[in-house]
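Given these sequences and hints, build the entire structure.
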Amino acid sequence: MSGQPMTKTADMAAFDRRNADWYIDKLVQVLVFIGGISAIIFVVGIFAFVTKEGFGFILDRFDFQEFFTSPYWYPADEDAPEYGILALIAGTASVTGLAMLVAIPFSLGTAVYIAEFASGKTRETLKVLVELLAAIPSVVWGFIGLSIMNPLIIELFDVPVGLNVLNAGIILGLMAAPIMTSIAEDALKAVPDRYREAAEAMGATRWQVIYKTVLPAAKNGLLGAVLLGVGRGFGETMAVLMATGHSINMPGSVFDSVRALTATIAAELGETAVGSDHYQVLFTIGIFLFLITFVINLTADLIVRGIRKG
Amino acid sequence: MFETSELNIKNQRVQRLFKILFLLMTMLLIAPVLLILGTLIVKGGSVISIDFLFTSPTDGMTAGGIFPALLGTVWLVAVALLISVPLGIAAAIYLSEYAGENWFTRIINLAIINLAGVPSIVHALFGVGAFVLFFKFGTSILAASLTLAIMTLPVVIVATRESLQAVPFAFREACWNMGATRWQTIRRVVLPNAVSGILTGVILEVSRTAGETAPIMFTGAVFFTPFLPQGIFDQTMAMSLHLFVVSTQVPGVPENLPYGVALVLIAMVLIMNSLSIAFRIYLRGKKKW
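In order, the protein sequence lines correspond to chains A and B.
Start counting at 1 in the first sequence, then tack on 2, and there's your number in my numbering.
Start counting at 1 in the second sequence, then tack on 491, and there's your number in my numbering.
Just so you know, the hints here were simulated from the structure itself, not pulled from any lab data.
All the given hints hold, so there is nothing to weed out.
Okay, derived cross-link-like pairs now, SDA-like style, lysine to any residue, Cα gap no bigger than 20 Å in a straight line:
(1) A:28 <-> B:680
(2) B:534 <-> B:744
(3) A:129 <-> B:515
(4) A:221 <-> A:196
(5) B:627 <-> A:49
(6) A:123 <-> B:768
Chain B regions said to be covered by chain A (calculated; three or more residues, Cβ under 8 Å):
(7) 518–532
(8) 587–598
(9) 618–624
(10) 662–674
(11) 728–735
(12) 743–755
(13) 765–776
C-beta: ideal position from N, C-alpha, C; glycine also.
Written as structure tokens, this is what we have:
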């Protein structure tokens, strides 16, 4: 460029951008790509390793019908161990079901209040408080079930044991509520303001706007919120271990003690020998839990994504 | 024309009714936090002293302090952060700066959602199968922290991605126009503008990691050990597991002791969380664009 004719090679060199910065750029691109795919690797890894440890049981001992339909769980019996998880499924289902009865109305109600009624400082404060509710660790919730709810339930309902479906259901409901609230609130916020304005212009009151316009428009997001709450309740471990009473039962009422799938793994894995049938069946339950939560999360994601597109 | 009709009055009443109903629900949802904190402070406050924080448990864990558990939690959280923060930030940079809107990105996002949604006990099983047995780390801080890091990875990724995406696209374009490479742009322009948001996410992750129990039960944390951890291949006690142990596994624990442990644990978690929230609110006020 200084006016002198250049040879072809010098010309090429001037435009070859492969200097140190170029190589660093490529290197970083590879590194962050590895970071990006790490999440996929871990999810696949979780499935692979849990399956690897439980696979021996599935091959040798697994009896589909016994596993899912027998309520008898005696994995430690030396002569005739029984591996039926029906009672554990019932335990998990009853606690999660009650938790949802508690959490769905409260979290949707709170989400509507925060998104549609509250404003300014009130809204911020409420959001922070909900976030703090979400921050309480599950073992602390379990401890609360054990030491505060337990005597309270015994006194209020005059029952011999306060560690039961009711206790764990309320605890789990409170644990699942914050995440449901924040996702539901996002869904309500995603409804365009012009919907509200149009309804208000027709003379609708605030409640009519919410009930007739906002809620139907946010329906899918709210459903996604509920599903994620179910997933959260289903997979919760420590709180359920401590608050259900941890005894194998087909629950007949909310005052029965039950035992959950997750809690069974947590309580028994420490006592088993690596590679034994008992050890492997706990991993088989793990596979089952993984698959269920996978389906729940996938469905919730599809539903929530559905609204973003629509 | 603007006279208040019967119907109008009725509608107004319905609206007020629902507003109050929802406010009540909100209050009822939030009341437990305050009640729980109150109870823990009242019952656990009497236990807490400098001695409680800095001595070991004695008499079969029915007396003494919580120092080994406290130190163990610090170890577990620190090692977990060393793993998950770089990895999470890299993942977020990829998703925010490089990834296009295609099926591959969707699969990554789905994997992140799943990583956050897999039950904590399944993460524990994974930790046992992968780190304790397959990679032969044994039950150690390293195995437990790896398990924790993978479990809390989504927290870092989501927070970082959000703060990266909050940096206006024009900033990047301006930098590219100066002839900077992608990485130069990210390092000199995007990251400096997002660093405080990333920090918010990291603090949140500390709080999440410190409270987890199930993932560390079989991978590195033990009920009791007389030794303080010296390195990442040692076993350790941890606050969350200690609360489980003193409230369910040990007979003859004085009534208030578990409350003290719970209070210290929840104080650690909530202080971290409040810091993160305060930081976020401060940042929002400072934002220049």
